[in-house]
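Trainee: Each chain is listed here by its residues.
Protein chains: 4
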Amino acid sequence: MSQIPTETDVHKMLDTLSNWGRWGADDQLGTLNFITPAARRRAAGLVREGVSVSCSRPISTDITADTSFQPMRFMVDSGEGRDTEPPERTRQRRGAAEFIGMVFHGYTITHVDTPAHYFWNGRIYNGRSCNLITSREGAQVEAVDLLRDGVVSRGVLLDVAAVRGRWLEAGEGVMPEDLEAAEKAQGVRVEPGDILLVRTGYYGRRRAEGPRNPGRDGSPALHVASLPWLRERSVAMLGTDTHNDVSPLPYPNIGNALHVVGLVGMGLWLIDNGNLEELAEACARYRRWEFMLTVAPLVLERVTGSPVNPIALF
Amino acid sequence: MSQIPTETDVHKMLDTLSNWGRWGADDQLGTLNFITPAARRRAAGLVREGVSVSCSRPISTDITADTSFQPMRFMVDSGEGRDTEPPERTRQRRGAAEFIGMVFHGYTITHVDTPAHYFWNGRIYNGRSCNLITSREGAQVEAVDLLRDGVVSRGVLLDVAAVRGRWLEAGEGVMPEDLEAAEKAQGVRVEPGDILLVRTGYYGRRRAEGPRNPGRDGSPALHVASLPWLRERSVAMLGTDTHNDVSPLPYPNIGNALHVVGLVGMGLWLIDNGNLEELAEACARYRRWEFMLTVAPLVLERVTGSPVNPIALF
Amino acid sequence: MSQIPTETDVHKMLDTLSNWGRWGADDQLGTLNFITPAARRRAAGLVREGVSVSCSRPISTDITADTSFQPMRFMVDSGEGRDTEPPERTRQRRGAAEFIGMVFHGYTITHVDTPAHYFWNGRIYNGRSCNLITSREGAQVEAVDLLRDGVVSRGVLLDVAAVRGRWLEAGEGVMPEDLEAAEKAQGVRVEPGDILLVRTGYYGRRRAEGPRNPGRDGSPALHVASLPWLRERSVAMLGTDTHNDVSPLPYPNIGNALHVVGLVGMGLWLIDNGNLEELAEACARYRRWEFMLTVAPLVLERVTGSPVNPIALF
Amino acid sequence: MSQIPTETDVHKMLDTLSNWGRWGADDQLGTLNFITPAARRRAAGLVREGVSVSCSRPISTDITADTSFQPMRFMVDSGEGRDTEPPERTRQRRGAAEFIGMVFHGYTITHVDTPAHYFWNGRIYNGRSCNLITSREGAQVEAVDLLRDGVVSRGVLLDVAAVRGRWLEAGEGVMPEDLEAAEKAQGVRVEPGDILLVRTGYYGRRRAEGPRNPGRDGSPALHVASLPWLRERSVAMLGTDTHNDVSPLPYPNIGNALHVVGLVGMGLWLIDNGNLEELAEACARYRRWEFMLTVAPLVLERVTGSPVNPIALF
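For the record, the sequence lines run as chains B, U, W and R. According to our numbering, the first sequence is numbered sequentially starting from 3. According to our numbering, the second sequence is numbered sequentially starting from 3. According to our numbering, the third sequence is numbered sequentially starting from 3. According to our numbering, the fourth sequence is numbered sequentially starting from 3.
Derived from the structure by calculation, the hints contain no laboratory data. Any given hint could turn out to be false.
Note that the list lumps identical chains together, so a pair holds whenever it fits in one copy or between two copies.
Keeping only pairs whose Cα atoms sit at most 20 Å apart, straight-line, the calculated SDA-like set for lysine to any residue is [to be verified]:
#, residue 1, residue 2
1, K14, Q94
2, K186, T18
3, K14, E87
4, K186, H13
5, K186, D151
These figures come from a predicted structure and were not determined experimentally.
All chains should be built: construct the whole structure from the sequences, respecting the hints.
Mentor: This is the structure we're talking about:
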């Protein structure tokens, strides 16, 4: 079984797994460079049943245990109490509209992280200065509008919770052997340009048992120790049903280690807080853990991510 | 050439084009019922080049002439001025995060309208009371989270601006003969379950000449007179590069007539304020005005629409 | 001792204590009509020590047990990491600015309620229709900008917690005999045009023991049974260190009974969620439970209240 | 007549007018130190008519020429369309509540600036580092909650527009001789601890002619050349009916010079964007340009200012 890396090992990963310069000094796309037209064609070629499945949680305005910032929905106009049997002369059109607002980073909203979401020693992916992200100007590089044309590729679900037959616990990390066990059990192999989705069951548990606070109570995720494996397989994007970092981890000086090594070192784009429950059911139903996956972030200028609703198509 | 309907004609359309009850008393999906697994498979089968193209405008925080409500991007944390060459002992991770907020309905943001966005005489699509949409509870029916699994189908661009060789003017409506002329010129035919995108060139003009205020200066769009044509062709969703209604129109008592008849009467879901410029270029380049189209609204509970980034795949 | 009114009694209060029409059919000011120039002069005449004391809680962005909607503070511009020893040539001014946002009604923010904050049977103070308060237009009557010139009068603190020698418990209401006992103990008498502040100690307890959720755990306040006393004394405005209603109360059909009878029936303006701790200390120090009080709501158009910082001047 | 200072002169003012260290190294109050209990008593002693007057503009949600960020008012609950003649059995209470949000710094909202609102060469008032104001933590020093007990002192209006008999133009600065001419014309003298309000007529003009954009079209204000005069008179706070800086001014490297020298150098708290129209009328009516003034900022933690409604009492 894989060894749990020490904190020093994790520091070293920032060098050994680095993609800085790999696609040129100007690159901002990082691992998304693995997605080619051929990968998109191949993804479309996987469609058989014509059934689409969301990988997103709902966005609710409730305050729950895992709310770090409460999403907002305010009606700018509503249909409240209007007359529904109006006399002829007062016939009219009306409408409803709303304001929505959110801090999508956090523990509850399914969202994409751009590499600029994290810095290490003042640097973001490809060696840029984090000073390029300011309160007034926002993210002047590595912003989510780079993905205006969306991310389309083969998605592969590795359903570690199903293979283990249980939900992973807080503090439990998905290791390379877990990934390979799932590949074997499911008869699938992660290949260059794939979007890898890893199911820990955490969100299923949340639905069954109610929300808990990952900041206080911890959560499972892919372990940072699996990043060499992801790099070897040339994974383009990683999504999980948690916020994508194991906690607690014994790295006092490099919290959220997967984010640090993945985003900063590798330029690995992430999908945090996914919902992989219906996806897992569909994969089991169709006996197929590969599918066409479309991730379409909002074209938000100068923002380090976006809420998204990734759509798997079988 | 088609006759411009009178206001009375438009009122009658609410009956003649009505889809109320067509898919049962409980239906909330309206014209999206035209999209079948076969339609999704067919869409995937169109993919050849493996090239994806956004149909979304960027979401900017600027106030412009067509801003009805200024989108917000505030940094909750930034990298401003952090030391980018820190001594060993102070090495640390940090990150950036932001609040985003918007009223997506309006004239600038690419977004989906659910049928509940409009009421006529106190009723929304399928005869429900508009009282179901309240300031406290939001849209208790016909909300955008119905589309959690996304909308995937064949997209067809009818590039009316290209056929006419000019941008359409404010007040100019796209009529059935324009649609058929484009079909003929482009060698494509709109079929059941298609997502129809109509390009007036308005957004290209905005990019060239700067924003103007549609509320004051008017805008082109598909004319309400074309809705019988859309119903006949069983179009599943309609998108345009304007807010999807011609203005001004000579209907003092039924403003935004296409929204009224389309959303309320037909349950026709809309994509407003699209960007069809790059899409038009891609269609011309590949000599193909049909493509796989994926629309993935955010899973916003009780909201009458969502900002979206529709992705065309060639 | 006063009898606890039955729910039927409370319903009757809406008639017996009604101020509808008392100051004319057009009146929107309700009990603030009791404040005359003479009352303001008298208030100013109370100033001796020249010491001012806030009656407001701080507005924090934390989520706590009593947060119903999390206040926001986002920096639009900050001084983060700027060079503080810049070379001559780069000398420059810069600045900080922020977005603030809040739902001030609730359990945590010190705020004024206008009469329009509550309706009973579709009516607001003075018999107006609650339909005048819409999601699009806001409060078209009885809005807080009526108070643009502020509320200045004599403030009287009745420190019921001090008289009882303990914090009041959830569900415990301040009755007329409590008010009179405090008057007697403090040597003060509530008179026409006064702003009455009632201290239950709830906020002192919150500071000592941490926040709790009044919606779930209840809270003390002035009892609706004291409203006849307030009307008899011609109190102009009522403030408390809770959200101004006892809970739980045995009135299943008229929740927040003091708000209903006070706001709707009497047109009694309220200050909810005050902080009366430092004020109580100042009163005890100066042996004087009367003072000049200035309440200066923001001039918010069409809003049913405002966050405020009421200033007592001794 | 006073000389217009050169840019070099303005730079020197940062030294010659500096209050850094004047009230100790820990001081955050700056010129508010001039307000003593005696000053508050004196202010209260000015009250004769018992008439209060707002110095605030209304806060509207409209986008106008001078909007830099659109204020928000959304109904969380409204009375829209509720039945106003309900049958007995459905009697119920309901209420209205709203979300409000704003960037109060800018050109439209009456607000207080704390000294931390501006930096010069990375420093804020009393020599602190501007790094203490971060996107995550906000203003860790010199925040507006320092004023939790309000600002109460004598207010003096110098109505320069009235003395000149016309509104001041963009680019026109109020010079020391203007202040003294107004003192003489009005028979009043600015003394230590006073809150000085200077009327240029700009807001009166805005009401008469509509909004204009100060960022593009300029505005009048007190000239930075008057700051020595303010320091000599020991003014505690300065308010104007513009954003408190003349523009344009010939200082390319020190924009908003009054803010820089006043806030950073002197620790002079400002009231920007006041409404002095009704105040000027009241002063003229009572033939008295001095009054009790109460400024009660919201107790916003870690914020560099607050919207306010300053109340003058005659």
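Trainee: Each hint: holds or not?
Mentor: To see whether the hints hold, each was checked on the structure:
1. K14 x Q94: Between. Shortest inter-copy distance 14 Å satisfies the 20 Å Cα cut-off; intra-copy 67 Å does not.
2. K186 x T18: This pair counts as neither: shortest intra-copy Cα distance 27 Å, inter-copy 57 Å.
3. K14 x E87: between (71 Å within a copy, 18 Å between copies)
4. K186 x H13: The answer is neither: 31 Å in one copy and 62 Å across copies each exceed 20 Å.
5. K186 x D151: neither (33 Å within a copy, 28 Å between copies)
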